[in-house]
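Q: Residue numbers (the numbering used here), protein chains in the order written: chain R, 26 to 272; chain L, 12 to 109.
The hints are simulated quantities; they were obtained by calculation from the structure and are not laboratory data.
No false leads were mixed into what you were given.
Output of the computed footprint for chain R on chain L, the stretches with three or more beta carbons under 8 Å from beta carbons of chain R:
| id | region |
| --- | --- |
| 1 | 19-26 |
| 2 | 31-44 |
| 3 | 56-70 |
| 4 | 74-84 |
| 5 | 94-101 |
Even glycine gets a Cβ: it sits at the ideal position worked out from N, Cα and C.
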Amino acid sequence: MAVALAMTIEAPVNKAYATATEAFVAGVRVCAPIIIAVLPFALLFGAVAVQSGLSVWQATIMSASIYGGASQLVGLELFGQRISPWLVVSAILAVNFRHVLYSAAFGRLVPHWTAWQKAIGFFVLTDPQFAESEREHDKGRPLSFAWYMGLGFVLWGFWVIGSFAGAYFGRLLPDTHSTGIDFLLPIYFLGLLMAFRKRAMFMPVVAASAVASMAAYHFVGSPWHVSLGALAGVVVAALLPPRKVSA
Amino acid sequence: MSDTWLIIIAGAVLTYLTRAGGHLVLSRFDRIHPRVERALNAVPAAVLTTLVAPATLSAGPAELIALLVAGLLSLRFGLLTMFLGGVAVLIALRQVMG
Chain R
26 MAVALAMTIE APVNKAYATA TEAFVAGVRV CAPIIIAVLP FALLFGAVAV QSGLSVWQAT
86 IMSASIYGGA SQLVGLELFG QRISPWLVVS AILAVNFRHV LYSAAFGRLV PHWTAWQKAI
146 GFFVLTDPQF AESEREHDKG RPLSFAWYMG LGFVLWGFWV IGSFAGAYFG RLLPDTHSTG
206 IDFLLPIYFL GLLMAFRKRA MFMPVVAASA VASMAAYHFV GSPWHVSLGA LAGVVVAALL
266 PPRKVSA
Chain L
12 MSDTWLIIIA GAVLTYLTRA GGHLVLSRFD RIHPRVERAL NAVPAAVLTT LVAPATLSAG
72 PAELIALLVA GLLSLRFGLL TMFLGGVAVL IALRQVMG
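Chain R extracted, bound-state conformation (with noise of 0.2 Å):
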């Protein structure tokens, strides 16, 4: 209860939109800055898709089914190598476990939703999208699936073309360290996180990931970094005892 009432007191006050298309235009209109972020890793994918032996359509196909870029390209990796199939697999479920932690805090946001529109949410409910839900939820909003839509397929579309892109003109690739594209996606996940710094236990649950996420990326090695020090962070927040409500 604590913190319900400590998000809704922080909570600015916002109108829902007037029409369907006016939030769908919304959504749409905060993806600028995560095409920019993402487009690169589109391309990149493609790039190394097609290196790696699958055809432009498989590439293509596979950015449109998964649509998880992390998990994309460490599947690439181990498709490479001589290895089970199945062992692939395992890879690409463990670099998206994190997402039934994202299904589970967003099903909260959308009771209003219909059946439908939760299946066909779920299906791009990547770490931005989820992100961005959250935060527009913090402004007061109920979660218009519209909205949400705008977002999504926008962001879904650039993430298909920018793959077949890269697929087609995989070779053109300007040199990623110079351009700073390897690291674009820890700049771009620092600004999302640091949009939650409002929250109840914000701090306490940084640390606990942050080390517990590092431990993990050292000892048991990546992909389960982000799984361990995501659960260590929960369990965190989870044990300590609800915080006053400071005026």
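Fit chain L to the supplied structure of chain R, relying on the hints for placement.
A: Structure of chain L alone, referenced to chain R:
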């Protein structure tokens, strides 16, 4: 090449199940315990931290300074300003430091 299609299809189905599964499991409970509620509120910060923190382990001075500048920018400005500022610092420092 049928192995490739198998991997793509199985990967897509399992990924969708992770995205729908958390909600499908949780929605079976009538009431959510306050501890679970707090845990779910912590999900964005917890997961995003795991996507940033390990990257600092292999980062050099250019990457660390870029992250620091981006973090400071995020205290005052919006996401796009913060992101472009951090990337600009990263590219400039990498040109200088090589």
